[in-house]
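Trainee: Protein sequences, first through last, are from chains A and B.
Position 503, counted from 1, in the first sequence is what the working numbering calls 503; the numbers after and before it change by one each time, with no gaps.
Position 243, counted from 1, in the second sequence is what the working numbering calls 243; the numbers after and before it change by one each time, with no gaps.
Any given hint could turn out to be false.
[Stated by the list, open to error] Lysine-lysine pairs mimicking DSSO-like chemistry, simulated, CA-CA at most 30 Å apart:
id, chain 1, residue 1, chain 2, residue 2
1, B, K156, A, K509
2, A, K509, B, K234
3, A, K515, B, K306
4, B, K324, A, K180
5, A, K509, A, K490
6, B, K350, B, K324
7, A, K515, B, K156
8, A, K483, A, K465
9, B, K172, A, K509
10, B, K306, B, K234
11, B, K176, A, K509
12, B, K285, B, K154
13, B, K306, B, K233
14, B, K153, A, K187
15, B, K176, A, K187
16, B, K285, A, K187
17, B, K156, A, K180
18, A, K316, A, K253
19, A, K316, A, K227
20, B, K154, A, K180
21, A, K515, B, K285
22, B, K287, B, K156
23, B, K172, A, K187
24, B, K172, A, K515
25, B, K156, A, K187
26, B, K154, B, K324
27, B, K287, B, K176
28, B, K285, A, K316
29, A, K316, B, K233
Simulated from the structure, these hints should not be mistaken for laboratory data.
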Amino acid sequence: MSINQSGWRPAMTAAGDAAPSLTFTGNRALMLEEALIFEIGDSETTGVDLADTLVGEDRLAGLARATPIGLPGLSEPETVRHYTRLSRQNYAIDLGLFPLGSCTMKHNPRLNEKVARLPGFADVHPLAPVDTVQGALGVINELAVWLIKLTGMHGVAMSPKAGAHGELCGILCIKAALEKRGEGHRKVILVPESAHGTNPATAAFAGFTVEDIPATPDGRVDTDALKARLGPDVAAVMITNPNTCGLFERDLKAISDAVHAAGGYVYCDGANFNAIVGRVRPGDLGVDAMHINLHKTFSTPHGGGGPGSGPVVLSKALSPFGPLPFTARMADGHIQLIEEETAGDDHPDTFGRMTAFHGQMGMFTRALTYILSHGADGLKQVAEDAVLNANYVLRSLEDVLDAPFAGAGPCMHEALFSDANLADGFSTLDVAKGLIDEGFHPMTVYFPLVVHGAMLVEPTETESKAALDQFIGALRSVAERAKAGDPALKSAPHFAPRARLDETLAARKPVLVWKERPAA
Amino acid sequence: MRYLPLTQSDRDAMLSVIGAASIDDLFVDVPPAARLDGPVHDLPNHASELAVERHMTALARQNVVAGEVPFFLGAGAYRHHVPASVDHLIQRGEFLTAYTPYQPEIAQGTLQMLFEFQTQVARLLGTDVANASMYDGSTACWEAIGMARRITKKAKAILSSGLHPHYVSVAKTMAKYTGDLLDTAVPQLTAETDLDRLIAAIDDETSCVVVQYPDILGRIADLRPLADACHAKKALLIAVVTEPVALGALTSPGEMDADIVVGEGQSLGVGLQFGGPYVGLFGCKDKYVRQMPGRLCGETVDANGKRGFVLTLSTREQHIRREKATSNICTNSGLCALAFSIHMTLLGEKGLRGLAMLNHRKAVAAADRLAQVPGVSVVNTGFFNEFTLTLPVEARPVVRTLADRGILAGVSLGRLYPGEADLANGLVVAVTETTTGEDVETLAAALQEVLA
């Protein structure tokens, strides 16, 4: 007898014959409601035992705290239970396929976590004397070498704290290089319409004017439009490759050559480097700067919104302008830390410091562990399986969902669909919420902006064929319901910890901190 | 490869569904000149878990572990005891391997935690609201300067000489590109902060004054006169807190009318980690919330009327506003915010205040003991858990000598302010609940020997 994979028995009715609609607690078996710490804790309870405070005088300059902070405390068992209960209201890659396009939710190997917690990495101070932290500097240096070789670039800035911070690093390198050349008047950065929102935000922050470059009907940068716009006022172009439609920018080398000929630089958003790692080196495409999201390509955990880590690889032209601090391995094997003090002679053109210390060390240890585990051969396989999985999803669903660029050839690491085939009144959002009821996190929705009702599916290489097949079945089922106009989809999700949340109310009357309610 | 589930027969079957003859057919858009014919040259191939762990452990062993030696480093990163349950809880896969909560129906765990975090942070800093975290204290600081420029439409920022020099460096880097004009100075080895200089420098062009509390030398000053002076000229007071445990013992900057309070949250839950990842704290007065950078979590209800939480006010953010956003920040420091929040929950009011006083009294005792070393004096009259010593000689070589003896003695001002001769004899010493009386004796004795 085969196993009924849905867990459903033929004799059961849909609602369950005698299921109560409400429970005393509001809980539903393993689905547990959890109050806020402010509602369950109090100011007298604590989950730590401290040594007795020494008796003595205070030297707080007359500024000793006179009022309560208002912090609730919980004992350790209550704390463990509170956060364990909260955790169970989250979807996560550990629970299932997490197909967020452009976000790259791949398996996070646990060896990485173990290594990052070794006391020799976790319990080391950033300002400890350099001779006492040679191993930590060694990690940064070894990872830097890998990133340079994998990308075919000349140098790397390790300190940026996340992808957007890396973008800023690259753009500041470009700005510094232009100023050094006496061409600080170049004020325009060209950004394709399909770019991540961070690209124009970064360029604007650094004082540049952003101009959009249109896309071609096949989802790529309009090379002719871009070339036509180049001129003495253009500082750089920012291109994502593979782009946010999941397509390789075939003309990138030609674009780079044209940009360089016109006196500009090429910034590549490396958010999607995982699609080509080990198979293509961006340095071979004429890129001058590219950030690498270690939390995407190299599997450091996303943690519910960070920390990220965004090292930036740099061309020979831009390397002299990279930020402080950085490491340099001397002939005797000793690793030197180049800071403001020592930068003067060897690195006079640095644009400065971006963050207090050395960057995301805890992410460097994880990423290096991941990279060493895979090696050059394994990383190539990572890209190939990521691309294979995405194309499998694309070809398995293009008959039921509109895939605007599928006719033109294969995709890279993510498959893009639109809402064109859905019934009137049904949207991409309804498909996403329907997928939640099927036990999946939805794909990225309404991005990129160049496709109406975009659904961007990135399965990553760490999914098995069985997991992909189940996901494809689920998305097909939801898409068919959306095409047929199933009204139940409009109010999905039905089985999640919460139904659709009122985001308009949240924005109109913001409640951003907990306040004691007057007794009813 | 242990992390790749596809078998060769899976791959063949999938290629056949796709209609491709080989994997190379899927990379057809890559120009031939850019295609690599095999794995990247000059790099090793894959390795077993055992082999990788050995390699990384060997690197870890080349570092002096803070917890294994007498340890007195601070200056923006502090060693505190983190309860075991914190690290256990943040490693739950539902927290560790979740994404930014863009689908709130299946991310209430992260969202409720962020709402609790925002409330804890706001209460600690004494602000009306706080956001869902920044990268770290130094980037939160320059984001605050930019925020003050947007609010006041003025560009002159006055930075206290007591602001961490790396925070000043970050602000200087950014000011080169944003048009902010920074008024900066290096500190003097006096018991008083530069409050008078700051108040005198405020004029009608001033967007903000940035002051660290306690400052880089560990000194504490009442911020109320400074806040009044700022507000008289329609400038904002930005307070920077690099040691949040201090606010368990001290009046918060928000209570002293600071408009924006930012901080480094690393002390609670996160650990030293050689400088990152850390967690930036960012709070402000209610009236400025729409100019705040970063993500915000807000309370709402679902379609059935149940309380729930969502990311909100995202019209400030880059994914909606693109080049008109308040900041380019996207990914922030969610998991470190979780660690911070769990540690704060374990402590509670009673625990945090107890921890703060334990730190302070230990620091007072250590300062008194170290002042007995011939030639050594304490600069500060007031401090929390960190103070500055002046030595009769340059402190930096002394720190190196003591490190050779297995003592991490503190952060020399020569390291923080290279080239500033007046500061070269200064040594910043931090003392926390992890410091023992024996550690202090060891340091005092060694210092006496080295200086003799």
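Trainee: Against this structure, judge whether each hint is valid.
Mentor: Status of each hint after checking the structure:
{"no.": "1", "hint": "B:K156 to A:K509", "result": "33 Å, violated"}
{"no.": "2", "hint": "A:K509 to B:K234", "result": "27 Å, holds"}
{"no.": "3", "hint": "A:K515 to B:K306", "result": "18 Å, holds"}
{"no.": "4", "hint": "B:K324 to A:K180", "result": "28 Å, holds"}
{"no.": "5", "hint": "A:K509 to A:K490", "result": "25 Å, holds"}
{"no.": "6", "hint": "B:K350 to B:K324", "result": "43 Å, violated"}
{"no.": "7", "hint": "A:K515 to B:K156", "result": "36 Å, violated"}
{"no.": "8", "hint": "A:K483 to A:K465", "result": "26 Å, holds"}
{"no.": "9", "hint": "B:K172 to A:K509", "result": "37 Å, violated"}
{"no.": "10", "hint": "B:K306 to B:K234", "result": "42 Å, violated"}
{"no.": "11", "hint": "B:K176 to A:K509", "result": "37 Å, violated"}
{"no.": "12", "hint": "B:K285 to B:K154", "result": "19 Å, holds"}
{"no.": "13", "hint": "B:K306 to B:K233", "result": "46 Å, violated"}
{"no.": "14", "hint": "B:K153 to A:K187", "result": "22 Å, holds"}
{"no.": "15", "hint": "B:K176 to A:K187", "result": "15 Å, holds"}
{"no.": "16", "hint": "B:K285 to A:K187", "result": "35 Å, violated"}
{"no.": "17", "hint": "B:K156 to A:K180", "result": "25 Å, holds"}
{"no.": "18", "hint": "A:K316 to A:K253", "result": "17 Å, holds"}
{"no.": "19", "hint": "A:K316 to A:K227", "result": "24 Å, holds"}
{"no.": "20", "hint": "B:K154 to A:K180", "result": "28 Å, holds"}
{"no.": "21", "hint": "A:K515 to B:K285", "result": "15 Å, holds"}
{"no.": "22", "hint": "B:K287 to B:K156", "result": "21 Å, holds"}
{"no.": "23", "hint": "B:K172 to A:K187", "result": "21 Å, holds"}
{"no.": "24", "hint": "B:K172 to A:K515", "result": "38 Å, violated"}
{"no.": "25", "hint": "B:K156 to A:K187", "result": "23 Å, holds"}
{"no.": "26", "hint": "B:K154 to B:K324", "result": "18 Å, holds"}
{"no.": "27", "hint": "B:K287 to B:K176", "result": "29 Å, holds"}
{"no.": "28", "hint": "B:K285 to A:K316", "result": "46 Å, violated"}
{"no.": "29", "hint": "A:K316 to B:K233", "result": "47 Å, violated"}
Hints 1, 6, 7, 9, 10, 11, 13, 16, 24, 28, 29, counting from the list given before, are not met by this structure.
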